[in-house]
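S.K.: Respectively, the protein sequence lines represent chains A and B.
Be aware that the first sequence starts at 1, since it is given in the working numbering, and climbs by one per residue.
Be aware that the second sequence starts at 1001, since it is given in the working numbering, and climbs by one per residue.
Hints in this document: simulated from the structure, not taken from any laboratory.
Everything numeric in this text was worked out from a predicted model, so none of it was measured.
Hints are supplied without guarantee of correctness; some may be wrong.
[Said to hold, decoys possible] Partner residues aside, some chain A positions facing chain B, computed with beta carbon under 8 Å: (1) Glu36; (2) Gly38; (3) Asn77; (4) Ser87; (5) Ser89; (6) Leu92; (7) Thr93; (8) Leu96; (9) Leu109.
[As the list claims (entries may be wrong)] Examples of chain B residues lying across from chain A (beta carbon under 10 Å, computed): (10) Thr1011; (11) Ala1206; (12) Ile1209; (13) Ser1227; (14) Lys1236; (15) Leu1238; (16) Ser1283; (17) Thr1284.
[Claimed, not checked] Reference listing, derived: stretches of chain B covered by chain A, where coverage requires no fewer than 3 residues with Cβ under 8 Å from a Cβ of chain A: (18) 1228-1234; (19) 1239-1251; (20) 1285-1297.
Glycine included, every Cβ here is placed at the ideal spot set by N, Cα and C.
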Amino acid sequence: MKDTKQHIIKTTNLNIGYAHKKAIKTIASNLNIELEKGKLVCLLGKNGIGKSTLLRTLTKVQPALEGEVYINNENLNQLNNLDLSKSLSLVLTERLPESNLSVFELVALGRQPYTNWVGNLSEKDLTIIDEALSQTNIEHLVNARYYELSDGQLQKVLIARALAQNTDIIILDEPTAHLDIHHTIETFTLLKKLAKEFNKTIIVSTHEINLALQLSDELWLMTASNFIAGKTENLIENDQLNQLFDSDLIQFNKTLKQFTIKNSQ
Amino acid sequence: MVKPIKSYRNTFVILFVTLVVFTFINISLGSIYIPLKQIFLSFLDGQVDKESWKSIVLNYRLPKAITAIIVGSGLSISGLLMQTLFRNPLAGPFVLGISSGASLGVAILILGASFLGANITAYAFTNWGQAIAASIGAFLVLSAVMLAAVKVRNTMSILIIGLMFGSLTAAVISVLAYFSSANQLQQYLFWSFGSLGNLSWKEIIALSITFFIGIALVIFIIKPLNSLLLGENYAKSLGVNVRRTRNLTLISTSLLTGVITAFSGPIAFIGLAVPHLTKLLFSTSNHKILLPAVAISGSIIMLICDSIAQLPNSEYTLPINAITSLFGAPIIIWLLVRKRKINY
């Protein structure tokens, strides 16, 4: 077995789901993930298959039913919120509550784990915020109110906020759900750049399968019966993508590297 | 390097000067005309033409102005806290039933004293008894609303629950009122009109101590409040202990609103309106700036309302509660129509 030190995220026999008073609803079981640093991972799966549940479990929003999650070799259960906030940042799908926040203020909130008790920004904080703004190409928006932004701009601002949090891992839940194709591609190439140039580990749940196949280093495929994690090219080569949709309508075309409509013969 | 952090020092200086000016205007106005020079002389322990003037200024008008400042800033800060916590611009101490809780506490004390036995009757007509009853009532009702808030995540439902608690307490109060004597009713009614006067220095000290405890708690949640602007999930991912923040907000709000309502009656509108007015003046969402700004603006507005309620140079005093709404409501309507959008 490989040295575990190289794994930024590792799970052992992880079961995810919801424990209610009477019944336990298991969404997926026996997940063994070993992820190295600096990779762009796309989490693919049908609607309602449990992608969000997995991400919520990895980010300690909800507890695991069984098994362990290790972030940077540390057990997730032993990390408090503040420790976790220094190694893992989020970009969520939920709408932001209404407020007067400017883009700068919003990105600056990413520095909260590091600022003093009243939240004063140091020179170092300002430098990091500046870097986050330039990495995402939104310097020109700093003074805008966030509610004035288009969806595409807002997504970049939220990614900049996660960058300002200066974490090894960034987890994004369907970041391109509301975006047109131009902004979708822009977002994905930005994420790819962040993984490659800044050695960030980025996990994205998405339905943009074609982009995921082109850009991701690894894929996590969630199906009703199975969880497959692996290098993108290997999964394509081994025809494992066909399992993703248990459907009569579409199939994966290995040579085209995309899903096509099945011919009804 | 971009420097988008605006310094609001000038605005703060102007606000502070305005506060000082209005404090003096407030003290110089009243049922009896006292020349401005004589007012300054009373402060400076100088020779005042009439001894009664000095007494009026030092023992009546000054305590009233201080009460106005504490009430105005305390209610405004509570309003701001509630609006951030519930992420709803309609939230305020009144909407969420804190004030009705305080009213219920006082109503049970004054109106229900005869049911509760003679031991309590002795306290019913003192400011202290009312203060404690109001604080307990406010805390209980707010806790009930917050418990409901944990179950229902939809903020609209929480507001409706708050309103329901409001009408529930109102119903209990009317039942109590039905069985009460005219004397008790009058006592309760006067309390509910709201009043900034009638507070002795001792009571002002008690009010100030609770006020400063409440403010001290608020100072520690400035940072988590800012992250709550992104919603609870983001706040958690930034390392914020959301539950602790929520509890601290709850405690400080009920301390501030409870004790203020206890001593000065349920004063409407300030808690809802002032944060909105302030946010138009300071276009930031940072609580580090908003909290002092809201406190000063609240004080100024309360002083103005009190000066109007005094009906200068007449012997009548209008209920302060009516004045705050009478002047506050049209301002908010005007602002909404003009700006079309209010952010909080």
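S.K.: Which constraints among the numbered hints does this structure fail? Numbers only, ascending.
M.R.: Hints 1, 2, 3, 4, 7, 10, 11 and 12 not satisfied by this model.
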